[in-house]
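J.: Listed in order, the protein sequences are those of chains A and B.
Residue numbering for the first sequence is 14 to 602, as defined by the working numbering.
Residue numbering for the second sequence is 12 to 468, as defined by the working numbering.
If you're looking for bench data, these hints aren't it; they were derived computationally from the structure.
Remember, predicted model here, so these are calculated numbers, not experimental data.
Hints may contain errors.
[As the list claims (entries may be wrong)] List of simulated lysine to any residue pairs, SDA-like, C-alpha gap at most 25 angstroms: (1) B:454 x A:441; (2) B:322 x B:164; (3) A:565 x B:446.
Chain by chain, the residues:
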Amino acid sequence: MSGTITKVSGPLVVAEGLADANVSDVVRVGTQRLIGEILNMTGDKASIQVYEETSGLGPGAAVVTTGMPMSVELGPGMLDNIYDGIQRPLPEMRALSGDSITRGTDVPALNREKKWDFVPVAKPGDKVRTGDVLGTVQETSAILHKIMVPHGVAGEVVSVESGEHVVTDVIAVVRDDKGKEHELTMLQRWPVRIARPYERKYVPSRPMNSGQRIIDTLFPIAKGGTAAVPGPFGSGKTVVQHQLAKWSDVDIVIYIGCGERGNEMTDVLMEFPELNDPRNGEPLMKRTVLIANTSDMPVAAREASIYTGITIAEYFRDMGYDVAVLADSTSRWAEALREMSGRLEEMPGEEGYPAYLASRLAQFYERAGVVECLGSDERQGSVTAIGAVSPPGGDISEPVSQATMRIVKVFWALDSSLAYARHFPAINWLTSYSLYLDTLAPWYTEQFGEGYMLNRTKTMHILQEESELQEIVRLVGQDALSPADRLTMETAKMIREDFLQQNAFVDEDAYSSYAKQYRLLGMVLTYDELCREALDKGADMNALFAIDAREKIGRAKMADPDAFEAAYDEIEAQMKKEIEEVIAGGEDA
Amino acid sequence: MIKEYKTIREIASPLMVVEHVEGVTYDELGEIELPNGEVRRCKVLEVEGDRAVVQLFESAQGINLAESKVRFLGHPQQLAVSEDMLGRVFNGMGMPIDGGPAILADAHMDINGLPMNPAARAYPAEFIQTGVSTIDGLNTLVRGQKLPIFSGSGLPHAALAAQIARQARVLGDNETFAVVFAAIGITFEESEYFINDFRRTGAIDRTVVFSNLANDPAVERIATPRVALTAAEYLAFEKDMQVLVILTDITNYAEALREVSAAKKEVPGRRGYPGYLYTDLATLYERAGRRQGKKGSITMIPILTMPEDDKTHPIPDLTGYITEGQIILSRDLHRKGIVPPVDVLPSLSRLKDKGIGEGKTREDHSGTMNQLFAAYSRGKDAKELMTILGEAALSEDDKLFAKFADEFEKRYVSQGNTTNRSIEETLDLGWDLLKILPRRELKRIKPEFIEKYLPEA
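Bound conformation, chain A alone (with noise of 0.2 angstroms):
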């Protein structure tokens, strides 16, 4: 089925004579073969958006539909790899055209010719249905990747291989039960735009561990929730997501570079294979897909990156992983929508955005979750889906910022303000929100008992107290404060900087571990503790503030992360010991 251009404006062109294509149908355009998809039909006439650049193209090329959505390939060969937005493999595009990304590239998703030792799972006889595990491919040195019976298929197995294959042989032969057989390959396909199916879906109760002070004592995420990083430029949320790419404890991390700076991509291909996973000691490259479609690289792929991106996401969450997907920018992904929008002459909605733009974002962040996975096996699989929004001027009025609040649940707002002083990460603790405290609460309480819950709650407490007795310094001076909330300030200026200050490239820093950030927190809160006990015992004030034992306190998050518990008794042991010294002092005189 081939049809005609008749107009090219950009990344919108329109062909005619498409009678038989499909809404959605990948299309490939021109002599140049350049992959678009089709995003409205007239008549014979469809509205194609091309994902590659489309100078040189004009009235009178030909158009052919593939008939078939845009759709992503899976299997083997995923991990450790990095792809654009539509899952074209960026090095093996290198390797054929060189530095730059030239058009018409057409390179398959998972490399044909690399053979995976398929190890089978299930037997001839077995019965099987959507979902259930044929066998398995040791993808990387982290990751088993599991065979599935892809979608639609269920019946009994009637012959399975093992050794060495490309993802294209056939693996197994399933006869379904009106005799049919089907072919099975270790490769399958999704189309991007429809979520992956599962058996059901849980509300989330375990939290990602993430190894950030701030998010895993002050604002945790659920595995299998949602959350936004808003900021303006230069706050950090790009060092906000490469954290959590690199310290989350999850089996799998998709990194979508939507919109964003080349140098970033670079930065992660070229350091994650050094960094190695604080649990498996595995380079955490080996967990890694990344998905680059960078701010030059042509806007409409951009669309896509974020679906391409998800389905993966999905896929892993299939074989019963949990799986963290790391949108940077959600931002950058509205505007390649509002670009089309506006090339496609829709009315606009507010500020130019197109008026479906709250139920893309919300349809985007929806496909994360905690799910039981189709299969036999009743595995459980999760998505946490975290996005960073770029916000204009950093004024989170505007409609992107404001869309994805209506839906996260998790809020980390970044603050220039804070990260010109260099306080990262320049989370705002005021401002910031997370509604996974009631569900995650059990989790802690059996993990670490009562205390680590209550010391959240105090250290919410004194921060906010913190900042009503900033406007009344402001106003008057500190003198005018009693002893007491001097000693409020004192505390809430150590929890600053003593424990949500986290310095992500000093390696003895970069990664907490939660019986760090407990212990440290708490010595923060027991020096508070015994400090008011002090007071009341008419001790002097600016003594308890000056001991010894407090710069200690300072760098107690630099030490050993394998041999902290010895260094914090230590330095609590000598913090009680002056602080008891000053009590003396002040009865002595």
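Given chain A, work out where chain B should sit, using these hints.
T.: Chain B only, in chain A's frame:
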């Protein structure tokens, strides 16, 4: 055989509609021949059936619908590149205007370039010493970075950019260096300031100038940075040179873009700028960088004047989201006579962490940098409190921080436009200032470095 059309139907500068065309493609370059023989340039913005909408690069004045001829050249706008471009001056479209001979092209390159494959990029990590403390010490520039200067009308951004161009060097390195300078809608005087500075220091022989001045056609400005970056790409990746690109002023560029967008009756985004301003700017800025296996690099310093000094205006805002940091100039500091008036707190270099430290600058760089930032921030807060409540309201520590902030501005920031400080001098000066503060407050620096570097009080 190139066809000529005499079918111009409509001209509404800067757009023009040509009918009954055949085989015309999107983004193609065209030529308009006026009855008097004058030739002007245009490019195809949209083609629908046999009707092409083209954008003029120059004024529409004198174009006659009946008599003017249009030719489409079958390719997008190209630049003839060669090493002989060094030392020459071109107009905003890449034509020589210095009276010299035409360039004997080594190649013709599409001025739009191609997106760089992220898998082919090499991460910028080589420290560039600019000799400016606020940049070297606090917002370190590395080779292949794009670091804009956010300025305002009347602020001395030109002096700072010229100082960087003059002083920048990579330590222990003697590779070939080149400057590509693109004047985008700036005044003759400002352009001459740069050119004279290059001339005075002898850098002019290593410089390619593309000049679209304030009285040149505004629409041509859309091509100027692309032409300049094409030359830079050629020098960096074909000729292995270390290229510094200065683009000034991006605000004029964005305004030209808005003009064309409005003429096309596109749905405007914020403040009338087109919704694709981000993408458009990104296709310029992202052309900076390094590539694996290539010796050369493109380091970019775009300059933009923030309308009303407002950082949230779409031009600086979108720029900040694309570039790897920003150097912000402050009117307050300028009034105080601080030269260069770099506002260090909101300034940032995102790539500094990979370019500093042992083997690159010095082991204590990272810690002292963070400490200086934090201390200056606290010092400024203290000073603010002091203006409201008086000095007596400050604690002893805060008084020290306030003193630190003053000294920092006076000694560290204000170094003048001719002082070229080595990185050691910059770091030592930082330590000398930290001496003002109580030692227990130096929490961001490893104790062993405090032992080693902190001068005796």
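J.: Keeping to a limit of 25 angstroms between CA atoms, is the pair of residue 322 of chain B and residue 164 of chain B held or broken?
T.: Status holds; Cα separation ~13 angstroms.
J.: When you check the alpha-carbon spacing of residue 454 of chain B and residue 441 of chain A, does it fall within 25 angstroms?
T.: Between residue 454 of chain B and residue 441 of chain A the Cα gap is close to 21 angstroms, so the pair holds against 25 angstroms.
J.: Given the hinted pair residue 565 of chain A and residue 446 of chain B, is their Cα-Cα distance within 25 angstroms?
T.: Given that 25 angstroms is the threshold and the Cα spacing comes to 20 angstroms, the pair holds.
When held up to the earlier numbered hints, the structure conflicts with none and fits them all.
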